[in-house]
Amino acid sequence: MKEGYELIYERPKSLIKVHNHYCPGCTHGVVHKLLAEVIDELGIENETIGVAPVGCAVLAYDYIDVDWQEAAHGRAQALATGIKRMHPDKYVFTYQGDGDLAAIGTAETVHAANRGENILVVFINNAIYGMTGGQMAPTTLEGQKTSTSPYGRVIDDMGAPVKIADMLALLPKTYYITRQTVADVKGVRAAKKALKKAFEYQKAGKGYCLVEFVANCPSNWKMTPIQSFEWTKENMFPYYPLGDVKTPEE
Amino acid sequence: MAKGYIEFDYEFCKGCELCIQACPVNTLVLTTKMNKKGYRLVEDAEGKCTGCASCALVCPDAVITVYRQKKAS
Numbered sequence: 491m492k493e494g495y496e497l498i499y500e501r502p503k504s505l506i507k508v509h510n511h512y513c514p515g516c517t518h519g520v521v522h523k524l525l526a527e528v529i530d531e532l533g534i535e536n537e538t539i540g541v542a543p544v545g546c547a548v549l550a551y552d553y554i555d556v557d558w559q560e561a562a563h564g565r566a567q568a569l570a571t572g573i574k575r576m577h578p579d580k581y582v583f584t585y586q587g588d589g590d591l592a593a594i595g596t597a598e599t600v601h602a603a604n605r606g607e608n609i610l611v612v613f614i615n616n617a618i619y620g621m622t623g624g625q626m627a628p629t630t631l632e633g634q635k636t637s638t639s640p641y642g643r644v645i646d647d648m649g650a651p652v653k654i655a656d657m658l659a660l661l662p663k664t665y666y667i668t669r670q671t672v673a674d675v676k677g678v679r680a681a682k683k684a685l686k687k688a689f690e691y692q693k694a695g696k697g698y699c700l701v702e703f704v705a706n707c708p709s710n711w712k713m714t715p716i717q718s719f720e721w722t723k724e725n726m727f728p729y730y731p732l733g734d735v736k737t738p739e740e
Numbered sequence: 002m003a004k005g006y007i008e009f010d011y012e013f014c015k016g017c018e019l020c021i022q023a024c025p026v027n028t029l030v031l032t033t034k035m036n037k038k039g040y041r042l043v044e045d046a047e048g049k050c051t052g053c054a055s056c057a058l059v060c061p062d063a064v065i066t067v068y069r070q071k072k073a074s
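Chains as they are written, first to last, in my numbering: chain E, 491 to 740; chain X, 2 to 74.
The shape of chain X in the complex, shown without the other chains (with noise of 0.2 Å):
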């Protein structure tokens, strides 16, 4: 399976939890730290992450960027 990670922009982050709802993996955690607002944040706490995107496109903070594995060509 490919692999990924993502990188939260946390200042920006509400929150809202849609991200953990849409892993497909259940591989984000929603953390007891918090950023400036006082929203807990999330974590990618297992490392599962396959570059999937789908929490990325559910976020409406577009807090989330996506990366993945290159296929080798």
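Chain E on its own, in the form it takes in the complex (with noise of 0.2 Å):
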């Protein structure tokens, strides 16, 4: 460091100094750093357990230094609720995309919600399919082209995209549920406040947490990072506009 000068912003340390797979500009750099620099503040890598799930984030465990677990695909919050049971003194926070979570795990999230057990859900929702070669998800917008849906989604066919976080905000024993993004640099302070917060939650026992992050995926979505976020302002903010959506009453 230079003389007179101090340090204002460093890789937090819970993020483990490894080549991550993701692709350039993803969202899920940005998020697994959120993570790690709230697990440092709040200083809990020691009593942290995480449940990693299958789609792009399937090797979390390798790039934040907690105790992980890997679930079967879309089962991270029954997973998540065994744990808890067994250690309700340390946190647990599953950390799912919307394959795992909306589409194959929508049994498990609801039922995880509806019993309103004490875990954070960190939700990644881009509105595709990543891991496996840009598919259509239960998120997928109207219109949006994907590998399968090559003329656009067509809601008469298949569905409306699923608002999980205004779904899960109908259930009696959710908490706190909040949409966030970390598409510019605004977002990005307030979703960290929206993850800590959700710890803090936790903590004092107050039950199920949703922080769903409003992402991208640049090359499913065929598009270099800046102009996937400038998607994302456009198309999937109208769709699933930021906030909480549940808060807590006081």
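A portion of the hints provided could be inaccurate.
[Claimed, not checked] The list that follows gives simulated cross-link-like pairs (lysine to aspartate or glutamate, DMTMM-like), each with its CA atoms no further than 20 Å apart:
id	chain 1	residue 1	chain 2	residue 2
1	E	Lys653	E	Asp734
2	E	Lys492	X	Glu47
3	X	Lys72	E	Glu496
4	E	Lys653	E	Glu632
5	E	Lys503	X	Glu8
6	X	Lys49	E	Glu496
7	X	Lys4	E	Glu496
8	X	Lys71	E	Glu632
9	X	Lys71	E	Glu493
10	E	Lys492	X	Asp10
11	E	Lys503	X	Asp10
It is worth saying that the hints were derived from the structure and are not from the lab. The structure presented is a predicted model; accordingly, all values stated were derived computationally and were not measured.
The task is to assemble the complex, starting from two chains supplied on their own in separate frames and drawing on the hints.
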């Protein structure tokens, strides 16, 4: 460091220094970084257990320095339920994409939320199946072209995009549900606050928290990272509006 | 205005250019230099960095470390 300067920002310590496999500009990197920052700030790296999904983030256990368990496809919240019930003093979070949480794991998601399990769910919604080659997901927008909806999603045939956050907010035992983004600096700061709040709620035993990230997938949307975030802002935000969907009653 | 500087961990950079777009003073540019993976690297070419850390916050690969001049106390 040069003399007379102070450190403002550095790589969080819980983010393991390895090359990650994410595509350039992928939101997963930023969300991993935010989780690592929050875990560092709360000093809970030895008390946190993550549950990794199937999807692009399947190797998340290689990147954040906490204990991890790998779940079968979609079953992360069922596994997290078990972990939290056996270790109620640990912080338990799942990290899932829309294929994992909103498609194959819908049952586990809805019932974990309905039971009000005291876990944090980090949900990355990029409106597509990233890992398997850009197929249509339940969250794919109307008219959006994917490899399995080459003419765009048609609502009459394929149903409307599922708003998981709004759906779960209707269940009486969910505690804190919010929708965030990391598409710009302001969003990153707000998202970090939301994650921190969710960990604090878990410590206080408040119950089920879900932080949804409206994310991008530059590779499968066939865009540059900058274009993908512009597309996110233009098309995703109107359908998936940012902000708290359900806040705790004081 | 506060002065700052940034350091890049270039081997982890993937050249996504999000930092360039996030910079409020437009001081970052894409150079023709490359790292071992073949991604083009970013530099503070004009030395106008204010140490606001916007670039570091949006970086998906946590490549950037930010320093800012201490305020005279």
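(message) Given the hinted pair Lys653(E) and Glu632(E), is their Cα-Cα distance within 20 Å?
(response) 13 Å, holds
(request) Take the C-alpha atoms of Lys49(X) and Glu496(E), compute the straight-line distance between them, and say whether it is at most 20 Å. (result) OK: Lys49(X) and Glu496(E) at ~17 Å, within 20 Å.
(message) Tell me if the straight-line CA distance from Lys4(X) to Glu496(E) falls inside 20 Å.
(response) Status holds; Cα separation ~11 Å.
(request) Given the hint that Lys503(E) pairs with Glu8(X), test it: the Cα-Cα distance must not exceed 20 Å. (result) With a Cα-Cα distance of about 17 Å, the restraint between Lys503(E) and Glu8(X) holds, given a limit of 20 Å.
(request) Assess, step by step, whether the Cα of Lys71(X) is no farther than 20 Å from the Cα of Glu632(E), and give holds or violated. (result) 51 Å, violated
(request) Would you mind confirming whether the straight-line C-alpha gap from Lys71(X) to Glu493(E) stays at or under 20 Å? (result) 9 Å, holds
(message) Does Asp10(X) sit within 20 Å of Lys492(E), going by the straight-line distance between their CA atoms?
(response) 17 Å, holds
(request) Take the C-alpha atoms of Lys503(E) and Asp10(X), compute the straight-line distance between them, and say whether it is at most 20 Å. (result) Distance of about 15 Å is within 20 Å: holds.
(message) Does Asp734(E) sit within 20 Å of Lys653(E), going by the straight-line distance between their CA atoms?
(response) 14 Å, holds
(message) So if I understand the rule, the pair passes when the alpha-carbon distance is 20 Å or less; does Lys72(X) with Glu496(E) pass?
(response) Distance ~9 Å between Lys72(X) and Glu496(E) Cα, so the pair holds.
(request) Starting from Lys492(E), check that the Cα of Glu47(X) is at most 20 Å away, please. (result) Given pair Lys492(E), Glu47(X) holds - Cα atoms ~18 Å apart, limit 20 Å.
Taken one by one, the earlier hints fail for this structure only at number 8.
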